[in-house]
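This is what each chain is made of:
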Amino acid sequence: MLETDLKKELQLDEAEKLLPLVLEIIPGHAAEGLIDIYEPGSYAAKSLKKLCDKTLNKKNLSIEEQLIVEDIKRQLDGGKLLSRGQEIEGTALEYAVSEQTEAGEKYLYIPIRAIKPQEGGILD
Amino acid sequence: MMRSNRLDRQLRIEGWNQQALENAKIGVIGDNDLLASLYIMSASALGINHVFALAPVLDPILIEIAQKLNIRFSLTHIDGFFTHPVMAELFKDCDFMVDLSQYGLANKLLIERGFRENTPVIRGFCHETNGHQGFKVFSYLKGREWRELEQVVSAHNLPKHHFDDAVLGTIVSGIVLEETKNLLMNQHPSDDLILYQRKKIISAYGQPRILIVGSGALGIFVGLGLVYSGFRNLTFMDPDVVEITNLNRQVLFYDAVGSYKAQTLSNKLNALFGTGSNALVAYFDRNSDIASYDIVFDCVDNFESRIVLSEKSKRHGKMLISGGTSADAGQIVTYNPVDDSVTPAELLGLYDLVEKRNPEAYHRERAACIYRPDPSVIMTNQITAGIMVDSYRMLIDGQKPANVFYDSTSSVRF
Numbered sequence: 000m001l002e003t004d005l006k007k008e009l010q011l012d013e014a015e016k017l018l019p020l021v022l023e024i025i026p027g028h029a030a031e032g033l034i035d036i037y038e039p040g041s042y043a044a045k046s047l048k049k050l051c052d053k054t055l056n057k058k059n060l061s062i063e064e065q066l067i068v069e070d071i072k073r074q075l076d077g078g079k080l081l082s083r084g085q086e087i088e089g090t091a092l093e094y095a096v097s098e099q100t101e102a103g104e105k106y107l108y109i110p111i112r113a114i115k116p117q118e119g120g121i122l123d
Numbered sequence: 000m001m002r003s004n005r006l007d008r009q010l011r012i013e014g015w016n017q018q019a020l021e022n023a024k025i026g027v028i029g030d031n032d033l034l035a036s037l038y039i040m041s042a043s044a045l046g047i048n049h050v051f052a053l054a055p056v057l058d059p060i061l062i063e064i065a066q067k068l069n070i071r072f073s074l075t076h077i078d079g080f081f082t083h084p085v086m087a088e089l090f091k092d093c094d095f096m097v098d099l100s101q102y103g104l105a106n107k108l109l110i111e112r113g114f115r116e117n118t119p120v121i122r123g124f125c126h127e128t129n130g131h132q133g134f135k136v137f138s139y140l141k142g143r144e145w146r147e148l149e150q151v152v153s154a155h156n157l158p159k160h161h162f163d164d165a166v167l168g169t170i171v172s173g174i175v176l177e178e179t180k181n182l183l184m185n186q187h188p189s190d191d192l193i194l195y196q197r198k199k200i201i202s203a204y205g206q207p208r209i210l211i212v213g214s215g216a217l218g219i220f221v222g223l224g225l226v227y228s229g230f231r232n233l234t235f236m237d238p239d240v241v242e243i244t245n246l247n248r249q250v251l252f253y254d255a256v257g258s259y260k261a262q263t264l265s266n267k268l269n270a271l272f273g274t275g276s277n278a279l280v281a282y283f284d285r286n287s288d289i290a291s292y293d294i295v296f297d298c299v300d301n302f303e304s305r306i307v308l309s310e311k312s313k314r315h316g317k318m319l320i321s322g323g324t325s326a327d328a329g330q331i332v333t334y335n336p337v338d339d340s341v342t343p344a345e346l347l348g349l350y351d352l353v354e355k356r357n358p359e360a361y362h363r364e365r366a367a368c369i370y371r372p373d374p375s376v377i378m379t380n381q382i383t384a385g386i387m388v389d390s391y392r393m394l395i396d397g398q399k400p401a402n403v404f405y406d407s408t409s410s411v412r413f
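These protein sequence lines are chains A and B, in that order.
When you line the first sequence up against numbering that gives the first Met the number 0, it's residues 0 to 123, in that order.
When you line the second sequence up against numbering that gives the first Met the number 0, it's residues 0 to 413, in that order.
It should be emphasised that the hints constitute simulated quantities derived from the structure, not laboratory data.
Every residue gets a Cβ at the ideal spot worked out from N, C-alpha and C, and that includes glycine.
Hints may be right or wrong, so weigh each one.
Stretch-level coverage of chain B by chain A, calculated; a stretch enters the list once three of its residues show a Cβ under 8 Å from a Cβ in chain A [what the hints assert, rightly or not]:
#1 274-285
#2 321-328
#3 335-347
#4 396-408
A few chain A residues facing chain B, derived, Cβ under 10 Å [to be verified]:
#5 E23
#6 G27
#7 T90
#8 P116
Taking lysine-lysine and the BS3-like style, the derived pairs with C-alpha atoms no more than 25 Å apart in a straight line are [said to hold, decoys possible]:
#9 B/K67 / A/K79
#10 A/K105 / A/K53
#11 B/K199 / B/K141
#12 A/K105 / B/K24
#13 B/K355 / A/K48
#14 A/K79 / B/K24
#15 B/K24 / A/K72
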């Protein structure tokens, strides 16, 4: 699993840069996160941090999504957003990998995890 | 009284059921490697008292530690391999089985028994295939006749030579023990196959000068992993003394309450493994000198020291492997000055965290764990430490280790 992550080729070809972008912000190591879809042309020039802020400030969330956002905020109380264990700096395209649905529809995907540092020894 | 003090750090965990661990009878099937012994040592530290083991050999050092850590611990060891269904009779009183063997006959017999008698089987092992090394863990319960079973049955039916690695074994035994705890406390074991894999390490290690800052549970398992990997030039640094509440996870300190941790750890490794390690009984601070070391392991328990370690490693161009744990999570962030511009403290945002702290509320003193302790258990420490050592071996081999964020409460562990 880890090696697969390392192997992921982050360089996208020109055609792939025109795909919709699926951004998923996951609280810690939960199986599911808050998903947001950005249409082609709406994300390329924006920093990934800004896209994450936008996703986290989405309105009209379902009850399940609200619970996920609460979990994310708990993690972010002293934590950070990381993508594959690395700082998120730069544009979304620098972090996206190309994937496809079972029906064969291609999209770009970025998993972001809200991670709280572990200290050990002392209660806050 | 002594028992409750020794286990204090895990008894603080919400919903923890120590009695379930203490009353359980666990059957362990081992092979001619260290894995079963590593599991048994950690299980004893956790407070599991009854283990029945069938294995051709158990490591005398690790078993002696298991017996000295926990006076209630009882081990019945039968010397041999699990090669016939009738041998299941030996384990008829066991709550469930832990299969750490490397031959298909035992794997199949145990899964068949698990299915027939509705008893769980936790299976964990190191593996090497097609130039890759790693480990797999799967918790089988009746009804989980999934395709994952194909991946956890060994290719060889009879005992034979197989890949064995004490560092990966340390991680596997920690994860298997976590699954043991989950089953005994009626918590949900992982649904998924837990898989870790990297390229096979081919480089020779040499004898780099290694500084391990922090000689608590992380420092101990990092020290053991380094020694088992063949590293000898180790220096341990820690100002604290051993407290009785450390003993549910700091496995080498069973007879050292009141002694300095760094000195005790160094002495123990030198006596048990013939290393020539050194100890520094001191805090790591801005005056500490790391110029003479090749690599620094950050095993401390506070963000302030981790910031100083990050800054000094960056300034001196030293590799740093930083580990942090809680009762149910662990983090490993690697800094290689050749490749990385961001230190562990920067990546994890530790500056903001420390800045926001109320300095009166945060007042670190020696043995601060006594005053405001966090819950802590052995498993996340041995898993985190094992991954720290494996990350270092990958760096030496020219591989780039990923930063690892481990969560024992999630099916997606890494």
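For this session: Mind checking the alpha carbons of A/K105 and A/K53 for me, to see if they're no more than 25 Å apart?
Result: OK: A/K105 and A/K53 at ~23 Å, within 25 Å.
Problem set entry | Restraint status (C-alpha distance of B/K355 to A/K48 at most 25 Å) | Distance ~22 Å between B/K355 and A/K48 Cα, so the pair holds.
Problem set entry | Restraint check, 10 Å cut-off on beta carbons, for A/P116 near chain B | 4 Å, holds
Exercise. Keeping to a limit of 25 Å between CA atoms, is the pair of A/K105 and B/K24 held or broken?
Worked result: Violated, at roughly 51 Å.
For this session: Would you check the hint for B/K199 and B/K141, treating anything up to 25 Å between C-alpha atoms as holding?
Result: 34 Å, violated
Exercise. Can the restraint linking B/K24 and A/K72 be considered satisfied, given a maximum Cα separation of 25 Å?
Worked result: 41 Å, violated
Exercise. Was the hint right that A/G27 lines chain B, CB cutoff 10 Å?
Worked result: It holds, given that the least Cβ distance between A/G27 and chain B is near 6 Å, below 10 Å.
Exercise. Taking only the CA atoms, is the gap from B/K67 to A/K79 under or equal to 25 Å?
Worked result: Violated - the C-alpha atoms of A/K79 and B/K67 are around 42 Å apart, more than 25 Å.
Exercise. How about A/E23: closest beta carbon in chain B under 10 Å, or not?
Worked result: Violated, about 12 Å.
Exercise. Okay, the region 396-408 of chain B and chain A, do three or more residues pass the C-beta test at under 8 Å?
Worked result: Our answer is that it holds, as 8 residues pass the Cβ test (under 8 Å) against chain A, meeting three.
For this session: Decide if the proposed pair is consistent with the structure: A/K79 and B/K24, CA atoms, cutoff 25 Å inclusive.
Result: 42 Å, violated
Problem set entry | Coverage of the region 274-285 of chain B by chain A, judged on three or more residues with CB within 8 Å | violated (count 0)
Figure legend: structure checked against the earlier numbered hints; hints not met, in rising order: 1, 5, 7, 9, 11, 12, 14 and 15.
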